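Novice: Each chain, written out:
There are 2 protein chains.
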Amino acid sequence: MSTIRVPEEVPTPIQDSSRLNQAFQGWGTDEKTIVSILGRRNATQRREIRQVYQQVYKESLIGRLEAELSGDFKNAVILWMLDPPKRDAKLANEVLKMKKKGVDHLKVIIEIACATSPHHLMAVRQIYCSLFDCSLEEDITTYISSPLGKVLVNLVSSYRYDGEVIDMNLAKSEAATLRGTIEKKQLDNEYLVLILSTRNIYQLRATFICYLQTYGNSLYQDIKSCGSSDLASILRAVVWCIDAPEKYFAEVVRASIAGIGTDEDSLTRAIVSRAEIDMMGIRGEYYNANKISLDNAVLDDTSGDYENFLMTLLGTRA
Amino acid sequence: MSTIRVPEEVPTPIQDSSRLNQAFQGWGTDEKTIVSILGRRNATQRREIRQVYQQVYKESLIGRLEAELSGDFKNAVILWMLDPPKRDAKLANEVLKMKKKGVDHLKVIIEIACATSPHHLMAVRQIYCSLFDCSLEEDITTYISSPLGKVLVNLVSSYRYDGEVIDMNLAKSEAATLRGTIEKKQLDNEYLVLILSTRNIYQLRATFICYLQTYGNSLYQDIKSCGSSDLASILRAVVWCIDAPEKYFAEVVRASIAGIGTDEDSLTRAIVSRAEIDMMGIRGEYYNANKISLDNAVLDDTSGDYENFLMTLLGTRA
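Residue numbers (the UniProt record's numbering), protein chains in the order written: chain D, 1 to 318; chain C, 1 to 318.
Keep in mind that the hints were calculated from the coordinates and are not lab data.
Quick caveat, the model's predicted, so the values are computed rather than measured.
Hints may be right or wrong, so weigh each one.
When chains are identical, the list treats them as one kind, so a pair holds in a single copy or across two.
Below are the SDA-like pairs computed for lysine to any residue, each with C-alpha atoms no more than 25 Å apart in a straight line [unchecked claim]:
#1 K184 x S145
#2 K99 x G261
#3 K99 x D167
#4 K291 x G315
#5 K100 x H120
#6 K185 x G149
#7 K184 x L148
#8 K90 x P118
#9 K74 x Q51
#10 K97 x V165
#11 K97 x Y143
#12 K291 x I14
#13 K86 x N217
#14 K97 x N169
From just these sequences and the hints, can you work out the full model?
Specialist: And the structure:
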């Protein structure tokens with residue numbers, strides 16, 4: 001469930017565009033107005049505002065926001081204003097082209113491949129090609145060496161069946177296959193990769209339950225016991241994103257604000273990309289795991305317009 | 001280039017539907033009228049006729065054709081009347097569910113994965129899920145064992161960049177990678193599969209040229225020298241479909257009518273699925289390779305309404 005609060009009576013895109021244009025005028029920018037409009041419109045409404053703004057003011061709204069805003073606030077608003085598939089294509093591309101990318105950065109690609117709908121993933125791949133003149137798979141192959149690259153290619157190439165069809169016999173036999181490969185510590189085993197990248201989400205969740213019931217440990221724990229290689233770390237994220245995306249993103253938020261300093265990129269990504277999908281559930285999971293509210297935790301680590309924008313996406317600012 | 005001859009003044013879908021409905025009435029069916037209408041309409045026009053026919057006569061046109069026609073003629077007309085992505089999804093599913101499927105049958109899947117547009121392949125995968133309640137990749141995994149199954153999953157999962165972007169240095173280095181795996185007869189090597197399933201078609205053609213220039217043999221010939229395993233046979237089809245689809249399909253037609261008896265399923269599939277894409281080129285390649293015209297060869301091996309329908313798709317019947 002979404003946390004953004006779209007007003008009951010939504011202004012027309014022309015009215016919104018006009019108020020945005022006013023917010024850009026004169027000395028300084030009226031950030032509060034920008035947040036109160038854009039932070040309370042869904043993806044379709046934001047797209048309409050972008051289109052109408054372009055028609056009326058003959059300039060790109062995103063370009064204007066780039067010029068008017070700054071810092072983490074700017075980054076968050078721009079990500080929020082991109083169409084979701086385009087946003088994810090850009091995030092994936094940024095991560096792949098980073099000079100020093102750790103395995104944590106690559107989790108962005110896992111999130112896109114395993115915690116969004118098959119239809120969304122396909123749209124990301126299409127727009128990736130049109131933005132960057134090569135396929136997402138090609139860039140993964142270029143920038144990430146095997147076995148990690150091979151596993152990522154398989155995951156982003158998936159187009160899982162979207163229905164809730166479960167075959168319990170298959171779940172049992174595939175739990176056994178997974179266990180066999182884990183016992184041999186063969187994390188790049190082709191069957192393991194095939195199962196995780198082709199089966200539908202509900203089937204995989206049933207397989208994970210069979211695994212736990214039969215072997216006493218969860219698949220996640222068993223992968224953890226295979227060591228701390230990059231591949232093990234990526235596969236744990238895969239299992240988590242498939243099994244419990246709300247818990248996974250609660251942990252992304254927690255890790256981004258834990259300790260001294262904040263990883264604003266991760267915090268922004270988690271809130272912007274899930275606000276319209278399952279942020280209500282992520283909030284619940286965050287409280288269960290950490291015994292403080294996600295909203296208070298984010299408040300403690302952010303400030304100013306950036307804080308105001310995230311809080312608006314979380315639905316706690318009127 | 002297409003070979004079908006759409007009339008300069010196309011009747012409306014209502015007029016076409018009415019004439020089709022008349023052709024179904026009374027004693028016997030007027031097959032000639034059916035062929036003269038449906039064999040001379042493009043995919044969009046056929047879809048409109050289907051929709052209008054359903055609205056006006058409250059029955060499915062395809063269902064009615066199933067009931068009225070028979071044999072190879074019926075199969076060809078039904079395949080022609082399905083939307084192209086749906087047709088290919090059904091062909092792939094039939095092949096996977098065959099009890100005794102030889103490697104030749106599996107080439108249908110290679111054709112869909114390597115000799116159609118990335119957009120078409122994606123549409124096939126989407127409709128496959130909605131028709132069969134599981135993904136194409138899952139069915140491949142279920143019915144085809146590895147290494148063949150793994151290679152097929154990679155190929156159908158591809159979404160290649162659709163533009164003509166070529167990097168000659170990459171072509172050289174990947175030609176060397178391919179040569180290395182071929183020399184070791186490692187046809188299921190992960191890099192070989194990654195290259196063939198992720199690179200864009202123009203890039204791969206450049207790689208194949210580099211391969212030939214550097215090593216004296218074509219990649220196709222070198223795979224052939226690796227033996228007659230199913231995997232070698234499939235990979236030859238992959239290289240051929242990518243490098244020269246018109247030559248590939250000319251050979252499908254030749255093989256389907258060679259010797260005693262005819263493989264009508266393959267003949268129908270080749271002509272129906274390529275009539276609107278590149279049948280003009282296939283005809284040219286057929287003549288180059290066999291020194292007789294494709295039309296005459298097909299005429300020799302077919303008869304009756306089936307012959308009339310194929311000839312109409314080939315554009316040689318007025």
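Novice: Pop the pair K97 and Y143 into one bin, within, between, both or neither, using alpha-carbon distances up to 25 Å.
Specialist: Within one copy only: 7 Å inside, 38 Å across.
Novice: At most 25 Å between C-alpha atoms: does K100 with H120 qualify within a copy, between copies, both, or neither?
Specialist: neither (28 Å within a copy, 37 Å between copies)
Novice: When Cα atoms must be at most 25 Å apart, do K97 and V165 count as within-copy, between-copy, both, or neither?
Specialist: The answer is between: 19 Å across copies meets 25 Å, while 38 Å in one copy does not.
Novice: Regarding K99 and D167, is the shortest C-alpha distance of 25 Å or less found within a copy, between copies, in both, or in neither?
Specialist: Intra 43 Å, inter 21 Å, cutoff 25 Å: inter-copy only.
Novice: Classify it for me, K74 with Q51: is the Cα-Cα distance of at most 25 Å met within a copy, between copies, both or neither?
Specialist: Within one copy, since 20 Å is at most 25 Å while 49 Å is not.
Novice: Are the CA atoms of K97 and N169 at most 25 Å apart within a copy, between copies, both, or neither?
Specialist: between (42 Å within a copy, 19 Å between copies)
Novice: Taking 25 Å as the upper bound on the Cα-Cα distance, should K99 and G261 be classified as within, between, both, or neither?
Specialist: Within. Shortest intra-copy distance 22 Å satisfies the 25 Å Cα cut-off; inter-copy 61 Å does not.
Novice: How would you classify K90 and P118 at a CA-CA limit of 25 Å: within, between, both, or neither?
Specialist: both (18 Å within a copy, 21 Å between copies)
Novice: Between K291 and G315, at a C-alpha cutoff of 25 Å, which is it: within one copy, between copies, both, or neither?
Specialist: Result: close within a single copy only, 20 Å intra versus 73 Å inter.
Novice: Give the relationship of K291 and I14 under a CA distance limit of 25 Å: within one copy only, between copies only, both, or neither.
Specialist: Close neither inside one copy (43 Å) nor across copies (67 Å); limit 25 Å.
Novice: Under a CA distance limit of 25 Å, which applies to K184 and S145: within one copy, between copies, both, or neither?
Specialist: Intra 22 Å, inter 21 Å, cutoff 25 Å: intra and inter.
Novice: Since the copies are identical, ignore which copy is meant and state whether K185 and G149 lie within 25 Å (CA to CA) inside a copy, between copies, both or neither.
Specialist: both (18 Å within a copy, 23 Å between copies)
In summary, the numbered hints that this structure violates are 5, 12, 13.
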